[in-house]
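**Student:** Position chain P against the provided structure of chain G, taking the given hints into account.
Just so you know, the sequences run in chain order G and P. Its first residue numbered 1, the first sequence is counted upward by one per residue in our numbering. Its first residue numbered 1, the second sequence is counted upward by one per residue in our numbering.
Don't take each hint at face value.
[Claimed, not checked] Which stretches of chain P does chain G cover? Using the computed rule of at least three CB atoms under 8 Å from a CB of chain G, they are:
| # | segment |
| --- | --- |
| 1 | 58–70 |
| 2 | 221–234 |
[Stated by the list, open to error] Partner residues are not named here, just some residues of chain G that face chain P (Cβ under 7 Å, in silico):
| # | residue |
| --- | --- |
| 3 | T43 |
| 4 | F51 |
| 5 | L53 |
Since the hints were derived computationally from the structure, they do not count as laboratory data. Using N, Cα and C, we set each Cβ at its ideal position, and we do this for glycine too.
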Amino acid sequence: MSFLAPLLLLGLLGLTVPITIHLIGRRRARVVRFAALEFLIATKRRTARRFQLRERMLLVVRVLLCAALPLALAKPITSCASKGPQIARGPQAAVLVVDDSFTAGYRLEGRTLLGRATDEAARLLTQLGPEAEVAVVRASEGAIHPTELSREHLRLRDQLASLSPTARPADLDRALARAAQLLSGSSHERRTIYLLSPLTKGSLRGGDPPWGADGPALEVLDVRDGAALPNLAVVGLKVEPDPGAGSRGIAALAEITNHSLLPAVGLTVSLRVAGQIIARGQLDLAPGETKRKRFLATLPPGRRTAEIAIELPADALTADDRRQAMAQLRDEIRVLLVDGDPHAARHDDELFYVEAALRPGDRAEAGTVVSKITPDELDDVEIDQYDVAVLANVAALPAEDVARLVTWVKAGGGLLVAPGDRVDPAAYERTMLPLLPQSLRDPIDTAWGAAPDERAARALHLTKWEADHPIFAPFAVDAPGLAEARFTKIVLLGPTTDTDDRKVLARFTNGAAALVEARKGDGRLLLFASTLDRDWNDLPIHPGYLPLVQESIRHLARRRVEGATAAIIVGQSASLPTLDLRKLEVRGPERKGAVFEGGRIEGRRSVRFTGADAPGVYRVIGTDRTGATRDRDELAFAVNLDPRGSDLAPAPASQLPGAGSGTEGASRPSERRVELWHAIAAALLMLLLIESVLIQRAR
Amino acid sequence: MPRLDPVALARLGSLPLKARVIVEGALSGLHRARLHGSSVEFAEHKEYSPGDELRHVDWRAFAKLDRYFVKQYEQESQLTVFLVLDGSGSMRFAGSGLSKVEYAGLCLAALAYLIVQQQDKVGLFVFGAPGGDIVVPPRARTSHLTDVLGVIDRAIAGEHGDDDSPAAALERIGELARRKRALIILASDLFDPDDRTLAALRRLRAQRHDVAVLQVLAPEERTFPYEGLTLFEALESDHRLLANPAAIRKDYLERMDAFLARVAEELTGAGVEYHLCPTDRAVEDTLLELLATRQRIGAGGRR
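Looking at chain P on its own, in the form it has when it is part of the complex:
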């Protein structure tokens, strides 16, 4: 099935429409497209039959009854998902395609649509956006989707952002979702000069939340394709830098690759689901990757 070009998708109109197109169009063919959490509950015993997973055999029951039973689980009744959108200045970088915040917004909008469709609760936290941090508490109502998508739409629409780190937002979510385990999906470029974001993500994992990170990067940030004398201007500050890109390309790419490798290594090591999302990649591909991973985790049971 052909994928939708993100730029073409962006031209589709309102965000709800885009989310719907993504979910119902691109993802409709998939069997049971569903976002799984990892929080599952024991349902019943079933006598073992060949093909059942051995790891689900209840050895205590076998000791008492001398027969093999396997445990059967059920998904937690209602999944709570916190979508965290990085609306900071660095996410406003567009390169030749969508800006990073647009791409992240599309991904999160589609996810929100999907979550509401499966009657799970979805909340939204936008930080670094021009109007300050915006929190939409998790709800499962269909009308709630409108609020979420509206906030995302406004966050995308702003031209400038702050230089906030996702760390503070993540800590707040940790507080908000303290009582109940939740799936937290962060869409950000993780350009955090002081590594606080990674630490906050590790803390969320320690609080037994499921955490997924979509690291959104523009292709230009991966390849640095500029030529000729160029004046680089920071998006989050007044820093300017006049440089000959050819002279610094090699060094820059080495630093960027080292950064990405470190982020991937640290997050994976902390049990955080990590996805690198270039903005020229089809949104549904990103979502499918995320859903597939979630499905695998859900099938794997409690981690």
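Bound conformation, chain G alone:
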């Protein structure tokens, strides 16, 4: 502590005055010899203690008064190290950038970081004084920023009081840029940005500050006070159907990260399906480690979709202890098998193996509904009822049938064509080309003219399949179940047809295309260069046949499966297929949502929902042309927090933007001068008041 006017401390000598007066007063008390002293003593016994106490209090108060006066006049000051900014009252422009991201919902010592920030902001507002032009800028991503500075401090206080953590991560760079922009329009010389944030690593991108050398001063107030903010978060969740767990089986793959400096041991991770916790697992996580946890579950009977949530025990930041997704079973794929070579003996039938592959073990829940017809019955079938059609060894169809099929394919149908002995390439060339990715040439028989013992050696094999393609996704690179199948007869393919995105997915060992895919309109075409039964190859008796057929059918039916929107992050937009509906309503977790009808949906194949500003599951309710309204569970989608906001590690100093105009660096502890005389003067007044009360009572 030091004094601006130390000489005035000599006034402390005045301390002796009340003490002397007190002592002299005692000594100079009038002496009276009194007879009725007993009465006095009895009286005094009750009042003496009070009187003495009052006398002593008066003495103390007077001594303090005599000490306070010279002390106040000597103007004592002290200084203290403070992270807080030095605030000067008066005319100036200031922007309070308050971090209201979901990270600010972190509870530190019983209060949220946002609560600390708003309290600090309110204090700053008081210190800046009524002449300061101020704006409050929210720092969460996508926040709406003010357009001007204001002197309406009451309104600003209300604004601060109404702030609550959003579901978005912080974007301090954008907020600071906006703050600088607001201040650039001010005529005040003093322009300061006060940044109130926990300053997490993810909230700042670093780099050059969004202002030049003459930019505003920047004062950074770390609302975490340098505390480490440990946090455990679910940062990812992926849910997919899991055939291994049955037709209703799903697999949930959760990613959990330990954003703290201590290991997390025995962390309980819970899986919630349709509101019920059905599985729990334990996890050990080293500091900073991310681990994946896979849960298998089945959806409740009768439901093809369900809300899935992965939950952690609540910690200081509860928002990211839960992550949601919509589990959606694949719809049953309706498959129309057109048998070009029906046979009474089942195993001789052209489609015997395909049927068996699509309904393994004749299980009712195979995920496919298979109908088998002959080519002649094609006229009677409502092809729109099917997702996938398979033409197996079908002779060239009449032009009208082909036209129907082409229309169906363009609308999204999937067609698999496989040749056979009944297929005449020339006839196909005439009518069937719109249904083929490539024209057909004559078949080649690799065993033709070979001795029986050489036939096996001359057979072709599948090779060079597109391992990344969904059809071959289940296979290893050298899948023996495919590679060992022998093809003794294949059809060679000619020029490409009028299709898009033609692609050879697999070839034979002689280089000829084995499986070709192409897109036509919204649909897909798949051409297999050999038979689907054992007439030209022995693939059906190899392990690779079943997954190949199933994946091919699923791939062709992909349009349906793609109906659902994958989980999105808060703030992202969701694209929803209109499904030829008349009205589509999206309802969010907080009853917020959007309605698409009339011009917003008519004639569109998809609409874009941009109101996902809170985490949770968004339901979709559709009204079709007949006016029927029902939940479209297949379109429901989950919205989750941005995992970037879960890492609360402090941003390195280098990431903080520098201040303009030669101001002090951000967050550097500063020496703050604390003037004590105001407090002493206030105490002086208080002492005077106490003294007058004591004197009044003594009378």
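**Tutor:** Leaving out everything else, chain P in the frame of chain G:
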């Protein structure tokens, strides 16, 4: 008739002179200024005539003779009066006027003068005085008055007194006057912390003595007029008390009034004649009050 200021009276000189001035000066105009005892004796019968007190009608005589006679009494031949002077420390308190002991001494000296004048016996008992208790046995001779007044004078002259209670002195007087009823006049402030004085007075009354109490108090003790920080010193002990009188005045006065009320109530209840005598009151007023009361009692006959 103008009254003599006690302070002026005190300056008059020797105590006998003061007593004489009081009795022969101030009281001379009064008809038959005489101190009565209550002990009276039957003298004779007299036939009733209108104006006689009905209470003196002898109903036995009426039963025998069928005529109304009234009894006539005569004062006991010679009254014995014990004057008891409290010479203790607390009586040395003077305030702005006479000290309490001076005032009490003046009263008792005047009474002694009066009693001797009417040829009754007067004795004196001084307690609490510096030289210890002094007893002057009752006599009726004129020369005896000199002794009594001398003792009073010496008792007044001392500066300090003890903290004796009047109780012991009263008990001794009870013993001394056991054989013959007497009038006992106590002049004291009755500052007795343990209430023994009142009990002793009640016992004297029970022994059929006439008892009168002159409670002598300084005006300052009744009004407590002090201001500013004051150090009060006890007269009978080493007690000292530093106090702000304003702070304690109300409480003190309440206690003092309660004490006086209690003393008056208890003494009156016990048949003790009680007089409150502030030292700024004329001595003759006090004496007249006492004499008037005694006369009334004497006229009332045996109590």
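**Student:** Hints first: check each against the structure and report whether it holds.
**Tutor:** Hint-by-hint comparison with the structure:
no., hint, result
1, 58–70, "violated (count 0)"
2, 221–234, "holds (count 9)"
3, T43, "holds, 4 Å"
4, F51, "holds, 6 Å"
5, L53, "violated, 12 Å"
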